[in-house]
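Residue numbers (the working numbering), protein chains in the order written: chain A, 14 to 403; chain B, 14 to 403.
Treat the hints as calculated values from the structure; they're not laboratory data.
Honestly, I wouldn't trust all of these hints.
Note: identical chains are not told apart, hence a pair may lie in one copy or across any two.
Claimed, not checked - Straight-line C-alpha distance at most 30 angstroms; calculated DSSO-like pairs for lysine-lysine:
hint, residue 1, residue 2
1, K267, K154
2, K180, K154
3, K312, K356
4, K77, K316
5, K77, K361
6, K377, K322
7, K180, K27
8, K77, K312
9, K377, K61
10, K312, K72
11, K77, K303
12, K72, K313
13, K312, K376
14, K77, K179
15, K72, K298
16, K77, K397
17, K369, K267
18, K313, K369
19, K77, K61
20, K322, K180
21, K72, K61
22, K298, K77
23, K27, K154
24, K356, K369
25, K313, K77
26, K154, K200
27, K77, K27
2 protein chains.
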Amino acid sequence: MTPLALSRIESEIKESPIRRITALLAEAKQKKEIISFGGGAPSLAPPKEVTDAMISALKTDPFKACSYGSTKGSPSLRDKIAQDMAGRGVELTREQINVTVGATGGIFLALETLINPGDEIILADPTYVGYPGPGLMDRAKIVRVPVRWQDDFQIFPDALNEAVSKKTKAIVLLSPDNPTGRILDRKNVEGIVEIAQDNDFWIISDETYQDIIYEGKHTYVYPLAPDRTLVTCTFSKSASMPGLRLGYMYGPEKTIEAAMKFDQYVSLAPNTLSQIGAEAFYSSKESYLKNTVLPTYRKKMEKMGQCLKKYLPEAGFTKPQAAFYYFVDMSNYTDDDEDFANKLLEEKEVVLIPGKFFGENGKKHERFTFVSETEERIEAGVQKIAEMVE
Amino acid sequence: MTPLALSRIESEIKESPIRRITALLAEAKQKKEIISFGGGAPSLAPPKEVTDAMISALKTDPFKACSYGSTKGSPSLRDKIAQDMAGRGVELTREQINVTVGATGGIFLALETLINPGDEIILADPTYVGYPGPGLMDRAKIVRVPVRWQDDFQIFPDALNEAVSKKTKAIVLLSPDNPTGRILDRKNVEGIVEIAQDNDFWIISDETYQDIIYEGKHTYVYPLAPDRTLVTCTFSKSASMPGLRLGYMYGPEKTIEAAMKFDQYVSLAPNTLSQIGAEAFYSSKESYLKNTVLPTYRKKMEKMGQCLKKYLPEAGFTKPQAAFYYFVDMSNYTDDDEDFANKLLEEKEVVLIPGKFFGENGKKHERFTFVSETEERIEAGVQKIAEMVE
Numbered sequence: 014m015t016p017l018a019l020s021r022i023e024s025e026i027k028e029s030p031i032r033r034i035t036a037l038l039a040e041a042k043q044k045k046e047i048i049s050f051g052g053g054a055p056s057l058a059p060p061k062e063v064t065d066a067m068i069s070a071l072k073t074d075p076f077k078a079c080s081y082g083s084t085k086g087s088p089s090l091r092d093k094i095a096q097d098m099a100g101r102g103v104e105l106t107r108e109q110i111n112v113t114v115g116a117t118g119g120i121f122l123a124l125e126t127l128i129n130p131g132d133e134i135i136l137a138d139p140t141y142v143g144y145p146g147p148g149l150m151d152r153a154k155i156v157r158v159p160v161r162w163q164d165d166f167q168i169f170p171d172a173l174n175e176a177v178s179k180k181t182k183a184i185v186l187l188s189p190d191n192p193t194g195r196i197l198d199r200k201n202v203e204g205i206v207e208i209a210q211d212n213d214f215w216i217i218s219d220e221t222y223q224d225i226i227y228e229g230k231h232t233y234v235y236p237l238a239p240d241r242t243l244v245t246c247t248f249s250k251s252a253s254m255p256g257l258r259l260g261y262m263y264g265p266e267k268t269i270e271a272a273m274k275f276d277q278y279v280s281l282a283p284n285t286l287s288q289i290g291a292e293a294f295y296s297s298k299e300s301y302l303k304n305t306v307l308p309t310y311r312k313k314m315e316k317m318g319q320c321l322k323k324y325l326p327e328a329g330f331t332k333p334q335a336a337f338y339y340f341v342d343m344s345n346y347t348d349d350d351e352d353f354a355n356k357l358l359e360e361k362e363v364v365l366i367p368g369k370f371f372g373e374n375g376k377k378h379e380r381f382t383f384v385s386e387t388e389e390r391i392e393a394g395v396q397k398i399a400e401m402v403e
Numbered sequence: 014m015t016p017l018a019l020s021r022i023e024s025e026i027k028e029s030p031i032r033r034i035t036a037l038l039a040e041a042k043q044k045k046e047i048i049s050f051g052g053g054a055p056s057l058a059p060p061k062e063v064t065d066a067m068i069s070a071l072k073t074d075p076f077k078a079c080s081y082g083s084t085k086g087s088p089s090l091r092d093k094i095a096q097d098m099a100g101r102g103v104e105l106t107r108e109q110i111n112v113t114v115g116a117t118g119g120i121f122l123a124l125e126t127l128i129n130p131g132d133e134i135i136l137a138d139p140t141y142v143g144y145p146g147p148g149l150m151d152r153a154k155i156v157r158v159p160v161r162w163q164d165d166f167q168i169f170p171d172a173l174n175e176a177v178s179k180k181t182k183a184i185v186l187l188s189p190d191n192p193t194g195r196i197l198d199r200k201n202v203e204g205i206v207e208i209a210q211d212n213d214f215w216i217i218s219d220e221t222y223q224d225i226i227y228e229g230k231h232t233y234v235y236p237l238a239p240d241r242t243l244v245t246c247t248f249s250k251s252a253s254m255p256g257l258r259l260g261y262m263y264g265p266e267k268t269i270e271a272a273m274k275f276d277q278y279v280s281l282a283p284n285t286l287s288q289i290g291a292e293a294f295y296s297s298k299e300s301y302l303k304n305t306v307l308p309t310y311r312k313k314m315e316k317m318g319q320c321l322k323k324y325l326p327e328a329g330f331t332k333p334q335a336a337f338y339y340f341v342d343m344s345n346y347t348d349d350d351e352d353f354a355n356k357l358l359e360e361k362e363v364v365l366i367p368g369k370f371f372g373e374n375g376k377k378h379e380r381f382t383f384v385s386e387t388e389e390r391i392e393a394g395v396q397k398i399a400e401m402v403e
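Full structure from sequences and hints, please.
Now the structure itself:
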């Protein structure tokens, strides 16, 4: 390698296809006619309490609102998080919580903190595209456990057992899941935890969508294995504030301290103003979710399900229990999901995300995001897809 | 290593001593009598234009103000940065700029993007403590070039030549410097650039303090070697908004694209609201720096210099040309700078940062930050130090 060349892993890291599409979309947004089932951003503003708290802080004490805080995050926000989690049956001290740059920051720190060269990390196939970044690619080998819509995308302990080796360092669980909207059944979570204990590996539990649930019940992983579970969460989806880049991670105190130590060199500290907004979120969280977020998204979810059945009768899918997405088996319509999405954007100005971006097993699937568009445009979009496959 | 153990580099990464002290200080702030020459945070609020723009965005369109932006940063902010840099003789396109999580985010990405296992990275000794993080420690060996107050902390090309080897991948330059307040003379920058070209390595130029200059002239490194220079900057010091965690990096387009690709897995995207504030900063930047920032800090700098001369006549130092600090040779008063700082905090409630944190060559020195306290408290603090050494 010539001295001026970039690092070896630079060529191994893929540009996140979803971020690429988001960037393209941002520029294409002038063209209002494009219907986007693409990105996974909330379509709502945060609750007024969040923006009011930030406005008030900026007016009352602009110096303080824009000052450095500590790397772990403000003690008062961490107390609110602990209190909120206690209400869900997850008992934490303030010192077990790091405030992070969204869930992305937490995942990156968790991987950096745990992985050594030669380790193996287990991921579902398909699952979120944001795990194989430098924290992982630089050192570990990824091993995949296939999941299928015919099984409601469940990860079965038997399938996991086949993926485990002596080199297994961690499994990354995402429940509720992106791109599938699946919630892991409690008995499967318990089976996975048992395998982690028997084989002495970590569970990195990404609970980004813990609050966006339409049916079924989310199983909090940490209480089942508090010595070997690192959890990442975000305010992006629950509080509709993705641009404020704030999340948190929790787990064993020693591991959280280690992640904080890394974070001093990665982000230095979380955003002070965003933390003020997040703290205010807890005053209206319950009613905002119950009266605004869930009814709004549920309607869109139902509408898209009806349209898929009506206009794409050969599509294979299961109704999402949570999150923002349908993950649809399109093998009766296409052999190449990326080609399909490209052609769709070009000919019909509708955006889908090709399933292969989420793993080998996602081939011939498309991810349909339902939160970004109105019900009318959801129907119009699915109709346009149907026109293309006719 | 047992499977549940943390990663190998976890034990190699040191908790940043300054962040540790900052955290302690935050808790001790109740005790108002503590005089802090410790942390390096601005003591001013950002200009009203910055906070007004954020308030207005939160009121007018809270959805947009809290939405995801692209990983590289908003095109309009990047255009403002390019325009500002053009006024300083640095010609950049929008695509050569990534908006980052402060300078910290930029430095981390620069190191991740360039370093391979076995590479050597050259740092001044002493210099900023924030470079030996996971981006570096995981892979590269650090080689140090000693600098001394008797030489105004200059990095001389001859000394650098001795540190260069076939494995040299980059030098990290920080000018103006923390902890010394030194600006590199243009002829030394030119000499360093020539060595980088002759030996085919990168220059990572951290220009965090580019706007906080009391005398002398900052040399922008990028125009001297545009094919091999990555620059990191921040709004934290210039706009007094460290808690809003925003900075930027620039360099060759291909390298900036590579850093952005990494950043998709590290921070996902910069904070949208902070970017709105930063964009507004450019409307008042010149007058804010000229009429508020520089006069305020210059007075404190002069005051501290007078007090050091008057109360600590055996201290060795040179007047800082820039930034927030005096880096003072205390060898006539102590053999152990960490002991000294600990004792000082305990007995006199004054905070200094031990010089050894910044490198071997910083031993028997202390870093005195002058921006955080009033002139009266600067005098009182230095008097207390004098009392202790009597």
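Please write out, lowest number first, the hints stated earlier that are contradicted by the structure.
Structure breaks hints 9, 14, 20.
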